[in-house]
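Each chain, written out:
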Amino acid sequence: MAAVSGLVRRPLREVSGLLKRRFHWTAPAALQVTVRDAINQGMDEELERDEKVFLLGEEVAQYDGAYKVSRGLWKKYGDKRIIDTPISEAGLRPICEFMTFNFSMQAIDQVINSAAKTYYMSGGLQPVPIVFRGPNGASAGVAAQHSQCFAAWYGHCPGLKVVSPWNSEDAKGLIKSAIRDNNPVVVLENELMYGVPFEFPPEAQSKDFLIPIGKAKIERQGTHITVVSHSRPVGHCLEAAAVLSKEGVECEVINMRTIRPMDMETIEASVMKTNHLVTVEGGWPQFGVGAEICARIMEGPAFNFLDAPAVRVTGADVPMPYAKILEDNSIPQVKDIIFAIKKTLNI
Amino acid sequence: MRKMLAAVSRVLSGASQKPFAGSPPPRHLTVGRKLSSRYEVTFESAQASRVLVASRNFANDATFEIKKCDLHRLEEGPPVTTVLTREDGLKYYRMMQTVRRMELKADQLYKQKIIRGFCHLCDGQEACCVGLEAGINPTDHLITAYRAHGFTFTRGLSVREILAELTGRKGGCAKGKGGSMHMYAKNFYGGNGIVGAQVPLGAGIALACKYNGKDEVCLTLYGDGAANQGQIFEAYNMAALWKLPCIFICENNRYGMGTSVERAAASTDYYKRGDFIPGLRVDGMDILCVREATRFAAAYCRSGKGPILMELQTYRYHGHSMSDPGVSYRTREEIQEVRSKSDPIMLLKDRMVNSNLASVEELKEIDVEVRKEIEDAAQFATADPEPPLEELGYHIYSSDPPFEVRGANQWIKFKSVS
Chain A
0 MAAVSGLVRR PLREVSGLLK RRFHWTAPAA LQVTVRDAIN QGMDEELERD EKVFLLGEEV
60 AQYDGAYKVS RGLWKKYGDK RIIDTPISEA GLRPICEFMT FNFSMQAIDQ VINSAAKTYY
120 MSGGLQPVPI VFRGPNGASA GVAAQHSQCF AAWYGHCPGL KVVSPWNSED AKGLIKSAIR
180 DNNPVVVLEN ELMYGVPFEF PPEAQSKDFL IPIGKAKIER QGTHITVVSH SRPVGHCLEA
240 AAVLSKEGVE CEVINMRTIR PMDMETIEAS VMKTNHLVTV EGGWPQFGVG AEICARIMEG
300 PAFNFLDAPA VRVTGADVPM PYAKILEDNS IPQVKDIIFA IKKTLNI
Chain B
0 MRKMLAAVSR VLSGASQKPF AGSPPPRHLT VGRKLSSRYE VTFESAQASR VLVASRNFAN
60 DATFEIKKCD LHRLEEGPPV TTVLTREDGL KYYRMMQTVR RMELKADQLY KQKIIRGFCH
120 LCDGQEACCV GLEAGINPTD HLITAYRAHG FTFTRGLSVR EILAELTGRK GGCAKGKGGS
180 MHMYAKNFYG GNGIVGAQVP LGAGIALACK YNGKDEVCLT LYGDGAANQG QIFEAYNMAA
240 LWKLPCIFIC ENNRYGMGTS VERAAASTDY YKRGDFIPGL RVDGMDILCV REATRFAAAY
300 CRSGKGPILM ELQTYRYHGH SMSDPGVSYR TREEIQEVRS KSDPIMLLKD RMVNSNLASV
360 EELKEIDVEV RKEIEDAAQF ATADPEPPLE ELGYHIYSSD PPFEVRGANQ WIKFKSVS
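Residue numbers (numbering that gives the first Met the number 0), protein chains in the order written: chain A, 0 to 346; chain B, 0 to 417.
Here chain B stands alone, though its shape is the one from the complex (with noise of 0.2 Å):
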């Protein structure tokens, strides 16, 4: 068995010096020296068929050359390699095709109109929910606008509570009172409509952070479009002006609705918009860039040293939202292109796969999961039933007394409770 091992062993070393596609060419590749032969993953899988892939000898961990950052005001930016664990990369794979599927099935749901209202997607920027996420703690803060139910998930929700939410059914997070833009969780503020309106939000909770003196951070996310709002530019200054611990996000899709960043600012160098914060542009297709860059950033804000912002370049594949096909104001070609060049899940399954962290098969299986899990969560939120119409009234107040809210007629009572 040892020898059968080492002689595979051997094998998987010669190819892993095969470069990978979608990436600079590297210069030197190595491969984690002790060797692993334990099934490191995390989830079940009793089947006597994988033993057989249990046993290949995977690398523990390897080491990535990511894209260098455009810097502002900055000396030095996130280092230009990083070291990924192969814990670490089935993780990152695993949540990020959950994204990727739960946002497809959305899709599919709202088409069959059992989501309704305002939708918009975030298929093609798994990068960056997950990749953010990876860089942070579970005790930092996070709030971004409408696009959120990736980020949604990555701070910690289930599928099923997101989807039941988008159905609005009484197991979804918010109790089916908030939709698809008001999904809160711990540590996470949404999910909010009004562009721009949670950029001063998070300077708050930044404010709070400090405040409270627990080394905390807030992500303050906001898109291309929101990029050129006047509050975002007051929030900047105070941000600054008491050097809060908040890292101001600009996820960059290139489009604000069906408004290219070409026709729609004066500057599209968004990690320069915030003047005197220092700032840096980040490959929001490559998870690896987008960790790193937020590791980078975290670290700056927790030395006291104030605000930093960073611009994501990522992509959106669907339209803006579900009542845009998308194609009016761009091509297909354009969208095929980033799609086979730079989609964020393939480029990490291709790292992961030419390095020995993961093997195609493996991946396979976590896509088979992922796609079970995905669809108990439609089912669910497909049966569950709508919230009690007696529910109405609750929670207009926190922490009060029951109390009566007007239908519609006088005679129409709802009653309210906390």
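Isolated chain A (complex conformation) (with noise of 0.2 Å):
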């Protein structure tokens, strides 16, 4: 929780900065937007964009969605746009919510079989513009059979998009740019971020706000290490990054946004000017994210530039359990990513 309060003070702060100085600037005062009530503006403006969008999902209609991420939509768009589906885990253009992606398992050939292989085996006949989003990952004691991470499973399929966005402006551009894509997208989103507020710059408040599928965003300039992370782990990273940055040490931090197609470049760019190298993610070490960004270091331009082998931070390579003191314990916590930022940079 000190993690969360402490993303919520810096922009606090800056807000009551920007009020002080009203009287220089003219610009509107920074406004605060928590995740949910950005993935749900992002869906909003697309519903009244496009009317072959539509979402369906358990609860999502009525029930104003089991996270309320749909809250709202229903009243306005009506039954036709917004499908309560009972629990089951043509040109429209659907979101399909899962209330975790724990239960994508259920459907999952038809994520991958049906939609990401399709356009390919049709030779080019068939596409398949939809989206399916939904928390992923981690939650707060909810044990394992709720609190896998699917990143490295979707992010292993040609034919998907992955995208895993961590803070509002993110969840809001990257859903708009999922939903107006005409490929199958995976929205990993966290449910531990719904209801985190962030700063909400002025362009992300417009309707045609858009965040690109495939590029990463550098969320804090450094020249020591670079870290490289995805969804709520980046929250973690900017934190360490924060009392490193005392000792001395200024860490890069890159948050990735999309899984897949990865950004190489910004994170090979970054690694050749800091020469050093950690990932962290949520989901299990195995076949991980982190893996595959290890490996395609080795493979391009930045492994020269390495000073020490490249580092991986993630979840323990267990089944999540349930009592706090070890659910705590399975996730990475900022402790892990300075450790492992330290003993890379032999410090």
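Careful: at least some of the hints might be erroneous.
[Stated by the list, open to error] Per the computed footprint, the stretches of chain A lying under chain B, defined by three or more beta-carbons under 8 Å from a beta-carbon of chain B, are:
id : stretch
1  : 120-126
2  : 154-161
[What the hints assert, rightly or not] Computed list of lysine to any residue pairs in SDA-like fashion (alpha-carbon distance at most 20 Å, straight line):
id : chain 1 : residue 1 : chain 2 : residue 2
3  : B       : 67        : B       : 81
4  : B       : 185       : A       : 123
5  : B       : 412       : A       : 267
6  : A       : 51        : B       : 214
7  : A       : 116       : B       : 404
8  : A       : 79        : B       : 67
9  : B       : 242       : A       : 83
10 : A       : 75        : A       : 57
11 : A       : 116       : B       : 169
12 : B       : 213       : A       : 92
13 : B       : 304       : B       : 275
14 : A       : 79        : A       : 116
15 : B       : 242       : A       : 82
16 : B       : 414       : A       : 295
17 : A       : 214       : B       : 405
Please keep in mind that the hints were generated in silico from the structure rather than gathered at the bench.
Glycine is no exception: its CB is placed at the ideal position from the N, C-alpha and C atoms.
Need the complex rebuilt from these two chains, each delivered in its own frame; the hints are there to steer you.
So this is what it looks like as structure tokens:
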């Protein structure tokens, strides 16, 4: 929870700072939007823009969404565009919500064999413009069957695009790009991030605000080490970077935003600058996102710039336990990231 | 000339009272009063010998009795008689013969190892694909599983494109990238390899039909083997709940791979398995029965009443696929019996000849033309080059700018174009 309030405190300080400077600067006061509201806004705008877009999923309509992400949409668009499906795990553009991505395993054959592969198998005849979205990865106390991260599983498959937003801006921009994309896009959200407010820059408030799929963002510039992450752990990386900054170590924190197609260019350019690499993810280590990044670094120009082996910080290689102390130690914590960075830098 | 024609027609009307093989004895047979002396067939034939055939007076249409369908949760079913016009009859005959010969050609090419991998043939089941198509519009939708070559043809693709896809050449309908189980056409969604997975997709297409409001329906086919799958019942539930215009069709050819229906299903009344969804059991070897049932089902769906289920009782002559001889779990006698008593092409031919809708010679000529068409297509499918290696990475994504795709190692790169 300290991590979350830390994320909230800084933006609030910035907001009050802006308010003090109001007489010199006529820009509107910085808007605070939670990740949940950002996704809601993104979907609302796209539903309005294109009548072929519709949303279906368990409890998305009358219940306002299991995590309230689709709140208000059923009232606005009605039964035709917002559809409650019973529990189950044509040119229309569906947004299919999984209550969590763990349940997507019941439907994963459709995601991979019917969605991802169809454009290729048909020789370019049959596109599948569908979005699969929902919370992914660890939550709090939901135990093994509800805590798995699917970034590596979906990221493995050609024909799919896979995005993983961290903050509100990411959430809105990526869901809009996903809806407008003519391919199957998996949007891996994070339940613990839904309620977290972030500053929403003015450009993000536009109805045409899109974040390109396949492009990472450098959240924090640095010179000593590159730290690459996606989703909630990006916040942990920024916290670790803040702590290390006091000790004179400047981390460059990269928010991947997209898992597939992966933006290796941004990562490589950064590693060529800093000479050190740590990857951070919530998923299991074997065959994970970090493993892929390390393999690709070896194949590219950045390898010759590494002064130390690349290091991965991941979830523990166990099914997620329930007891709090065990759960806390099964996901990467800020201290684990700091430890890995120091080891890499040999300090 | 007129007197000669009149005399011929008298003889022919007399001859048409003869009962025809393979169906219940007719109580009454009507021959259309309007005799046609013009050459109605749409294909070219300039030979002089045909003029004589052309000048015969054929009936314009005939009424036939068809088997009554067993009904589930329906007060009434499709009609028990139907009118077949000469034009339609010739069309159906040609289509069924084309599917038959195309599948046999595929068998041949597979044994020559020119077709690889999986090859599931539908010879014996021609009345299903041709009959279903006859009961719907081209703007309706259809999705099926992997025994799909017949449907690919009836939905509008040419034999050339189909055979070339089977042989994996660039002239194939999926540019050689899909193969037997992944052929697509307008309003035809394959060709699906995973058993049963096409059924929820079909319900989804029906959802789109309802959403778009154009009175279109979706025919969602699956086999007797797939009928026991859970996802099919999930699709039934959603289709009924949301009143989707979905015609679920179980093509029951008595064997799920090598398992007979008695060994696979607790209930073999597949037309009743939709429970709350009304159903009908149809003679899938009689194209007219299939056509009428389809018309009935489509009208039901279009009226907004929701989904309906059809069980087509049919039979496949080949084994499950080319790797299955098809005689370890059924007897040769059984196969022979179906061939001689219920062959769909034979049934139509006998009906047409016996009611003066066509002559034996005319139908033989169609056979010859079909054989030639298949030969030409097979020639093409064998001679056409394979898709170029440079295109291996194409069609990963739709509507995207080109990008690089990794090959077998990091130095091998392919370009990907949408």
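Cross-check of the supplied hints:
no. : hint            : verdict
1   : 120-126         : holds (count 7)
2   : 154-161         : holds (count 3)
3   : 67(B) / 81(B)   : holds, 12 Å
4   : 185(B) / 123(A) : holds, 13 Å
5   : 412(B) / 267(A) : holds, 19 Å
6   : 51(A) / 214(B)  : holds, 17 Å
7   : 116(A) / 404(B) : holds, 15 Å
8   : 79(A) / 67(B)   : violated, 38 Å
9   : 242(B) / 83(A)  : holds, 14 Å
10  : 75(A) / 57(A)   : holds, 18 Å
11  : 116(A) / 169(B) : holds, 19 Å
12  : 213(B) / 92(A)  : holds, 17 Å
13  : 304(B) / 275(B) : holds, 12 Å
14  : 79(A) / 116(A)  : violated, 28 Å
15  : 242(B) / 82(A)  : holds, 13 Å
16  : 414(B) / 295(A) : holds, 18 Å
17  : 214(A) / 405(B) : holds, 19 Å
When each numbered hint is compared with the structure, violations occur for hints 8 and 14.
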